[in-house]
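Participant: Letter by letter, the chains look like this.
Number of protein chains: 2
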Amino acid sequence: MNNIIIHGNAIVGQSGGPTAAINATLAGVISGMLKQKKSTLYGMRNGIDGVLCDHLINLSETFTDENGSIREDDLALLAHTPAAALGSCRHKLPAADDLAGEQTYEKIIEIFKKYDIRTFFYIGGNDSMDTVAKLSFYTEKVGYPMTLIGVPKTIDNDLMGTDHTPGFGSAAKFVATVTREIIFDCAVYTVPAVTIVEIMGRDAGWLTAAAAIGRVVDGIAPDYVYLPERDFSMEGFMDDLRAALAKHPNVVVAISEGIHLADGTPVGAASGVGPDAFGHVQLGGAGKALEYAVREQIGCKVRSIELNLPQRCGAHLLSATDIEESLRTGEGAVMAAAQGVSGEMMTIDRVSNAPYRTEIGHKPVAAIANQVRYVDAAYINEAGNNITDAGCHYLAPVIEGKISLPYAGGVPKFYRFD
Amino acid sequence: MNNIIIHGNAIVGQSGGPTAAINATLAGVISGMLKQKKSTLYGMRNGIDGVLCDHLINLSETFTDENGSIREDDLALLAHTPAAALGSCRHKLPAADDLAGEQTYEKIIEIFKKYDIRTFFYIGGNDSMDTVAKLSFYTEKVGYPMTLIGVPKTIDNDLMGTDHTPGFGSAAKFVATVTREIIFDCAVYTVPAVTIVEIMGRDAGWLTAAAAIGRVVDGIAPDYVYLPERDFSMEGFMDDLRAALAKHPNVVVAISEGIHLADGTPVGAASGVGPDAFGHVQLGGAGKALEYAVREQIGCKVRSIELNLPQRCGAHLLSATDIEESLRTGEGAVMAAAQGVSGEMMTIDRVSNAPYRTEIGHKPVAAIANQVRYVDAAYINEAGNNITDAGCHYLAPVIEGKISLPYAGGVPKFYRFD
Chain A
1 MNNIIIHGNA IVGQSGGPTA AINATLAGVI SGMLKQKKST LYGMRNGIDG
51 VLCDHLINLS ETFTDENGSI REDDLALLAH TPAAALGSCR HKLPAADDLA
101 GEQTYEKIIE IFKKYDIRTF FYIGGNDSMD TVAKLSFYTE KVGYPMTLIG
151 VPKTIDNDLM GTDHTPGFGS AAKFVATVTR EIIFDCAVYT VPAVTIVEIM
201 GRDAGWLTAA AAIGRVVDGI APDYVYLPER DFSMEGFMDD LRAALAKHPN
251 VVVAISEGIH LADGTPVGAA SGVGPDAFGH VQLGGAGKAL EYAVREQIGC
301 KVRSIELNLP QRCGAHLLSA TDIEESLRTG EGAVMAAAQG VSGEMMTIDR
351 VSNAPYRTEI GHKPVAAIAN QVRYVDAAYI NEAGNNITDA GCHYLAPVIE
401 GKISLPYAGG VPKFYRFD
Chain B
1001 MNNIIIHGNA IVGQSGGPTA AINATLAGVI SGMLKQKKST LYGMRNGIDG
1051 VLCDHLINLS ETFTDENGSI REDDLALLAH TPAAALGSCR HKLPAADDLA
1101 GEQTYEKIIE IFKKYDIRTF FYIGGNDSMD TVAKLSFYTE KVGYPMTLIG
1151 VPKTIDNDLM GTDHTPGFGS AAKFVATVTR EIIFDCAVYT VPAVTIVEIM
1201 GRDAGWLTAA AAIGRVVDGI APDYVYLPER DFSMEGFMDD LRAALAKHPN
1251 VVVAISEGIH LADGTPVGAA SGVGPDAFGH VQLGGAGKAL EYAVREQIGC
1301 KVRSIELNLP QRCGAHLLSA TDIEESLRTG EGAVMAAAQG VSGEMMTIDR
1351 VSNAPYRTEI GHKPVAAIAN QVRYVDAAYI NEAGNNITDA GCHYLAPVIE
1401 GKISLPYAGG VPKFYRFD
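If you're matching them up, the sequences are chains A and B in order.
Here the first sequence is numbered in the working numbering, starting from 1 and rising by one per residue.
Here the second sequence is numbered in the working numbering, starting from 1001 and rising by one per residue.
Note that these hints are calculated values from the structure, not bench results.
Mixed in with the good hints, there may be bad ones.
Computed footprint of chain B on chain A, listed as stretches where at least three residues anywhere in the stretch have a Cβ under 8 Å from a Cβ of chain B [unchecked claim]: (1) 82-90; (2) 170-184.
Label pairs and their calculated CB-CB ranges [to be verified]: (3) B:P1145 - A:N381: 54 to 64 Å; (4) B:R1071 - A:K402: 22 to 32 Å; (5) B:A1246 - A:K107: 22 to 32 Å.
We put the beta carbon where it would ideally sit given N, CA and C, even for glycine.
Working from the sequences, and respecting the hints, build out all of it.
Facilitator: Next comes the structure, spelled out in structure tokens:
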């Protein structure tokens, strides 16, 4: 990669919700940039907010030792560190053709000029791609020569144009593994019981679908899986549970946090605000709402488990496939920038399924931003209460492989900027 | 171990809540028994219930191949399988001197005679030790020659007479690791926010205390840790949070599910279910209750995370120390039985802290059952809102070491009886 050319300096930032793999992508960008040696790579603290308040960090310096060698150990540590090491933000830029937003863009260009920044890498989800699209529009409009690349990241796997997203595989591995462990845990008693596992995913059910992967491995999977792609029916749910309880005492179901009734009402309303779709006072999300409903309508032992933050920050259970692809996506972004690609998002393209092989590509970000990629219809069964084998086989490769983290004092070692 | 003598046959069962290490102890008992070759080892399906309904499994046969060799691979798989492979129960035996309970004991003795069972291993927590104590009392009363050994197991670490319990180390490693990952996840935004991590522990706060271990490793730990050993004050809690928020925006606290006010009222309201068979009040929702209170009284962003079942069944993150000690405790139980010990519970005795070294011992179960071992006063700070360095150093060795599980299809392989 010594022949790549980056004009001026470059900057990289992270935005949106943390994942266990977003720092692997950052490590990929840093690694790619350090190999070309010419330009300096800056990091934004807390995404675009760091540009707006001139809070940058010189990453080229941070990851190079006094002899000019790359600090490979630190990069490796960074690649396995959860969350977003540079910090994140949830800053939606004003419309780029809106005069009221002009000041924001002028401030950004001022900082770019100050540090001679001509290349911009933004690692994030849908909203981050929106930032890349708007900055592309604006820099072109004012004629500031700029290369802008979006690098995908989301545990939701809901970005268009890419087979799957960096960060999804590790979250999916956590979901598949922990759901399996919960199934074992719930199997110890003979008393009829329902366990509801609530998994992240407001609009798209990809991560929840991962709970079913075990079925094509050795038959161990939840009895039912409910995604936001299908309308949820309380009557249908109770019928499903009764049918399962008639066969075995320990019923486990996986649900997406975003499941909703046919009229769009979320099964779980926002915490703390009024009754949910079923008139229960809310103490939690969809899982808690269903827990109360099962207790009331079936009357058996019932428990709900919200996998919560650990599913997106569980770095102790990374998918090796995900981390490797996340690194490659980051390095690929540097290559693409050097080739003059701009206004595009990096993609992971599945070349073959068996053996599993992917290539890193890129697509115009404007066609990707602000859209949602839903779970394919072919991956959801006809009854809308489970994942098809085709769905499991599509998902399975992205959770393959283990990463052995360095531990100290019994807990994993992670990287932190001072 | 070829010179040990077990009279008649033996039986082993698991009882109480599952843990990630209870099957390691079972594997230790099976391994110890198979080495002595003479007696048959039976397993109770679902604890003492399996005896009462004559639902036993021949473990000697199951773990021996056609050539008479021990199935070491299956035993290794069993040792890393979460929950309770034989199934569990929550059956409280009637008082052994109560005539009304006579029938139950007569039934048990009938099954013992049917299979010539003279040795009884029961792996469990406080309530299981109660079963051992009662059976000891009854068999002695009726003159049935029986060797009875309790083998401890609980993630709560609240059994008297032992330095710590098998199962605790793995749960503590999960709590320490996931809390660390949550701290990283919460650090990405600059908006003031409080995150409340709710950890299992009704009466004793050992597992919650494990969240603090990182502080003596590299300074990364929750801002505060609240245990049921100290009365909880809502005013004190809000003062603590305000002080922390004045220093940094991302405040993380760990709480035990069983924290309560000075008058004994649980911070989390009862979840609508009455006391269980052992008189425990069903708790839930301390984290949610505090989340609401923080939102109301401080008004910042706030989130609560219940670590829930994964903390006790997270076999993908076992403590090697815990698994090794659990195996040794199981094997030690067989040795103790062969030496004529009866009516005693196996113990883990800490011989030295640095280097960490333990020995397996035993103590009369009557002195242990139905008591609770609370967190030592020296391990809780004066303000009652954190763990002392001494506490962290006591806890640290039990989470040391990693176990590399076999994986297939991206998920861990576990053992199941057919």
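Participant: Output the indices of the hints that this structure fails to meet, ascending.
Facilitator: none
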